[in-house]
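Enquirer: Take a look at the letters that make up each chain.
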Amino acid sequence: MTIPEIHFRAVGKRFSSASAPVLEEISLSIEKGEFVSIIGPSGCGKSTLLKLVAGLSPCSQGEIQVNGMTPANAREIVSFIFQDATLLPWRTVQKNVALALELEGRTREETAATTQNLLQLVGLTHVAQHYPRQLSGGMKMRASIARALATKPRILLMDEPFAALDEMTRDRMNEELLRLRAEHNWTALFVTHSVAEAVFLSSRVIILAPHPGRVAHDLDIDLPYPRTAELRESKVFDDLVNRTSKLLRETHRA
Amino acid sequence: MKKRLIFSGSAALVFCGLLIFWRLLILAFDIPGYLLPTPLAVFQVAIHRLPDLWAALMISAEAAAGGLAAAIVVGVLIALIFARSPWIRKMFFPYTILLQTVPILAVAPLIIIWVGPGLLAVGVVTFVICLAPIIANTTQGLVSVDENLVQLFLMHNASQGQVLSKLRLPHALPYLFVGVRISSGIAVIGALTGEWFAGSGRAGQGGLGYSILYAQAQLQTAYLFALVIAATLLGFTLFFTVMFFEWLALHKWHESAMRANPANE
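Protein chains in written order, with this note's numbering: chain V, 1 to 254; chain C, 1 to 265.
The reader is advised that the hints may include incorrect statements.
Beta-carbon label-pair distances, calculated as ranges [unchecked claim]:
1) C:146 - V:203: 28 to 36 Å
2) V:203 - C:90: 46 to 54 Å
3) C:228 - V:129: 46 to 54 Å
4) C:90 - V:18: 33 to 41 Å
5) C:146 - V:129: 19 to 27 Å
6) C:245 - V:108: 42 to 50 Å
7) C:105 - V:163: 49 to 57 Å
8) C:165 - V:233: 45 to 53 Å
9) V:163 - C:102: 26 to 34 Å
10) C:101 - V:193: 45 to 53 Å
Keep in mind that the hints were calculated from the coordinates and are not lab data.
No residue lacks a Cβ here, since even glycine has one placed at the ideal position from N, Cα and C.
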């Protein structure tokens with residue numbers, strides 16, 4: 001039997017012993033290469049879940065294994081993309097993308113080569129020497145994605161990375177994200193508010209119920225990859241989005 | 001560019017108008033020179049006593065710049081300690097506010113007693129009033145880093161040193177400059193105040209503050225005017241030197257210092 005890429009065993013989280021639990025009894029197995037979206041009403045602990053996987057916050061109950069390791073030990077194979085691009089304003093785009101490699105002490109040559117490739121991959125070569133302030137929101141996010149991919153992660157954790165973008169840019173970023181994944185096939189855990197985004201991207205959508213956060217539904221999205229913009233206009237896609245939205249609404253009411 | 005020319009042109013015009021008004025005032029009310037010297041008299045005495053004036057200016061400049069520089073170094077070090085622990089911050093931060101509110105006129109004599117009269121004491125007085133704004137602003141900069149960025153650094157196994165050198169310090173730089181700018185404005189006040197108490201080793205030889213007292217005692221009003229103008233220019237120079245370094249360090253990336261140039265997709 002292969003080890004699951006991310007494994008949650010009865011995970012619970014509360015921020016202090018006196019406070020109400022944020023997450024309760026989360027048990028999940030995510031296999032290599034899956035693209036899993038987590039949706040749910042605000043306050044259901046979606047972002048907290050990601051922080052636990054990243055090892056930025058400890059579980060209160062149960063345990064998480066990332067490729068068989070504790071989250072803290074698995075950091076080298078995991079990258080995190082935040083809701084804001086979180087670029088360092090005093091660094092050029094190129095140096096921002098190189099940041100993770102620099103922190104991990106890679107050689108100058110390796111860093112330069114990897115950075116060049118990634119800038120090309122996300123289409124930012126022409127603004128490599130620009131500062132973040134000079135970029136549009138979409139470009140900033142692409143730089144942020146490139147930075148996350150620089151360490152060649154096996155697992156990508158994304159916390160509403162496109163929430164701040166306008167809808168058109170967001171759709172395009174979704175398509176680009178799938179294109180990038182086709183090349184590297186990382187496992188993705190993606191938190192979003194948008195059902196359409198979740199369905200478009202994912203092989204699997206998990207709906208969390210709030211107070212405390214727990215798994216309400218675990219849906220397979222049976223649409224073949226590669227997925228293109230046309231998919232959004234198809235009936236199958238619409239039906240899936242509608243069905244998922246309905247389940248989400250019920251979760252909300254319950 | 002054109003706008004800037006008009007701006008400096010009108011500023012020069014105001015200056016000329018002021019000089020004329022000053023001269024007319026003396027003519028109209030027949031004010032004696034020991035109360036209000038003519039602009040020409042001030043100019044003449046400034047030329048005539050240029051070596052004295054220059055020497056005084058240099059002494060004060062040394063004390064002001066030295067005190068400010070020491071305040072920057074010590075202020076940043078204290079801010080680094082404050083940024084390390086919320087406990088230390090809570091315990092000592094109120095005292096930096098105290099440092100800011102204590103009247104320098106009241107503390108200066110004490111400092112003279114401790115350090116002894118002379119340039120060092122003047123520098124220390126300057127240092128004391130320059131310190132608080134630098135500590136307060138730099139600490140603010142060091143601790144207001146986006147929590148997500150700290151986590152990003154941690155995820156890539158960054159050491160404490162890397163978090164400091166590649167994240168906290170660059171993030172604090174604009175804040176540091178705000179503090180230094182405030183301090184540069186008051187550094188000259190510190191130096192002059194210091195000199196009033198510390199005096200000079202030899203009669204007639206001291207910084208601007210000392211010379212102002214001396215000129216007042218001798219009723220050399222025209223020279224007094226020249227000294228006041230020199231002190232103002234010194235403050236100006238310090239302030240704009242700081243502004244220049246700020247521009248140098250930040251203009252490429254910081255919002256306040258740069259013009260928008262969005263490269264659209």
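Enquirer: Next, verify each hint and record whether it holds.
Expert: Checked hints:
no., hint, in the structure
1, C:146 - V:203: 28 to 36 Å, "holds (32 Å)"
2, V:203 - C:90: 46 to 54 Å, "holds (50 Å)"
3, C:228 - V:129: 46 to 54 Å, "holds (48 Å)"
4, C:90 - V:18: 33 to 41 Å, "violated (23 Å)"
5, C:146 - V:129: 19 to 27 Å, "holds (24 Å)"
6, C:245 - V:108: 42 to 50 Å, "violated (29 Å)"
7, C:105 - V:163: 49 to 57 Å, "holds (55 Å)"
8, C:165 - V:233: 45 to 53 Å, "holds (50 Å)"
9, V:163 - C:102: 26 to 34 Å, "violated (49 Å)"
10, C:101 - V:193: 45 to 53 Å, "holds (48 Å)"
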